[in-house]
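Using the sequences and the hints given, assemble the complete structure.
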Amino acid sequence: MEAFLVSTGIVALGEMGDKTQLLALLLAAKFRRPVPIVLGILVATLVNHALAGAVGEGVAHALGPHVLRWVIGLSFLAMAAWMLVPDSIDDEAEGGTQRFGVFGTTVLAFFLAEMGDKTQIATVALAARYGDLVAVVAGTTLGMMIANVPAVLLGDVVAKKVPMRLVHGIAAAIFAVLGVLTLLNVGKLF
Numbered sequence: 015m016e017a018f019l020v021s022t023g024i025v026a027l028g029e030m031g032d033k034t035q036l037l038a039l040l041l042a043a044k045f046r047r048p049v050p051i052v053l054g055i056l057v058a059t060l061v062n063h064a065l066a067g068a069v070g071e072g073v074a075h076a077l078g079p080h081v082l083r084w085v086i087g088l089s090f091l092a093m094a095a096w097m098l099v100p101d102s103i104d105d106e107a108e109g110g111t112q113r114f115g116v117f118g119t120t121v122l123a124f125f126l127a128e129m130g131d132k133t134q135i136a137t138v139a140l141a142a143r144y145g146d147l148v149a150v151v152a153g154t155t156l157g158m159m160i161a162n163v164p165a166v167l168l169g170d171v172v173a174k175k176v177p178m179r180l181v182h183g184i185a186a187a188i189f190a191v192l193g194v195l196t197l198l199n200v201g202k203l204f
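In terms of our numbering, the sequence shown opens at residue 15 and continues consecutively.
It is worth saying that the hints were derived from the structure and are not from the lab. Every residue, glycine too, gets a C-beta built ideally from N, C-alpha and C. Honestly, I wouldn't trust all of these hints.
Simulated DEER-style distance windows between Cβ atoms [to be verified]: (1) Asn199 x Arg46: 44 to 54 angstroms; (2) Leu168 x Val81: 36 to 46 angstroms; (3) Trp84 x Arg46: 40 to 50 angstroms; (4) Val163 x Phe114: 18 to 28 angstroms; (5) Gly183 x Val69: 23 to 33 angstroms; (6) Val49 x Leu77: 36 to 46 angstroms.
SDA-like, lysine to any residue: derived pairs with alpha carbons at most 20 angstroms apart [to be verified]: (7) Lys33 x Ile160; (8) Lys33 x Arg46; (9) Lys33 x Trp96; (10) Lys33 x Val57; (11) Lys33 x Leu198; (12) Lys33 x Val61; (13) Lys44 x Leu122; (14) Lys33 x Leu60; (15) Lys33 x Asp146; (16) Lys44 x Leu147; (17) Lys33 x Val52; (18) Lys44 x Gly115.
Below, the structure written as structure tokens:
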């Protein structure tokens, strides 16, 4: 349960103000059809995070427990620093909006926007840390949905009322704490 809850919380906070949340706002404003947008986000996230989680588990088995602890701990600390860097929408994630319909455009745009994104890298690290692919992918996917569904449903209002610096600061602090705890081997022992 810890892997699921930590994954959900980290991604939900980390997605606030992220380029994929901005992309959700953009798609909602352009298409005004929330159901296919939300379903597209779900499908893209499940596929992307399942692949990222599988990579994380592979890394965990390849490195061994001692090296893995240092790699994950330092990765979490790097993620903490990265959380403080503001995002903008990538140009390539915006393209092709008419060819695939609302659902297809959303799946493609979100899948591409998540490539190398903070939440994808966090999914790799979380899967390596916890070794529970299903719980991590379910948690990171739920976190994505928690952050992006309101963006689709409420649009711009949410983005204007939530202080993104505060949200990113909280997410950075959580990553930093997880990094230090991992380096100190606190919690699940390797």
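How the hints compare with the structure:
The hint said 44 to 54 angstroms for the Cβ distance between Asn199 and Arg46, and at roughly 50 angstroms that hint holds. Taking 36 to 46 angstroms as the suggested C-beta distance range, the pair Leu168 and Val81 conforms, at roughly 44 angstroms. Checked against the hint of 40 to 50 angstroms, the pair Trp84 and Arg46 passes, with Cβ atoms roughly 48 angstroms apart. The beta-carbon spacing between Val163 and Phe114, approximately 21 angstroms, falls within the hinted interval of 18 to 28 angstroms.
For Gly183 and Val69, the hinted distance range of 23 to 33 angstroms is satisfied, since their beta carbons lie about 28 angstroms from each other. At roughly 42 angstroms, the beta-carbon separation of Val49 and Leu77 lies within the given 36 to 46 angstroms, and the hint holds. Restraint check for Lys33 and Ile160: the C-alpha separation of about 15 angstroms stays at or below 20 angstroms, so the hint holds. The suggested pairing of Lys33 with Arg46 holds, with an alpha-carbon distance near 19 angstroms, which does not exceed 20 angstroms.
Between Lys33 and Trp96, the direct Cα distance comes to roughly 13 angstroms. Compliance with the 20 angstroms bound is thereby established for this hinted pair. For the suggested pair Lys33 and Val57, the alpha carbons sit about 18 angstroms apart, so the restraint of at most 20 angstroms is met. Of the pairs offered as hints, the one joining Lys33 and Leu198 is violated, with about 33 angstroms between alpha carbons and a cut-off of 20 angstroms exceeded. The straight-line distance between the Cα atoms of Lys33 and Val61 is roughly 18 angstroms, inside the 20 angstroms bound, and the hint therefore holds.
Taking the CA atoms of Lys44 and Leu122, the gap is near 16 angstroms; set against the 20 angstroms cutoff, the hint holds. With a C-alpha separation of about 18 angstroms, the suggested pairing of Lys33 with Leu60 holds against the 20 angstroms cut-off. Between Lys33 and Asp146 the CA atoms are separated by roughly 27 angstroms; this puts the pair beyond 20 angstroms, and the hint is violated. For the proposed pair Lys44 and Leu147, the alpha carbon gap of about 35 angstroms is over 20 angstroms, so the pair is violated.
Of the supplied pair hints, the one linking Lys33 and Val52 holds, its CA atoms being roughly 16 angstroms apart against a limit of 20 angstroms. Taking the CA atoms of Lys44 and Gly115, the gap is about 12 angstroms. The hint holds against a cut of 20 angstroms.
This entry does not satisfy hints 11, 15 and 16, going by the numbered hints stated previously.
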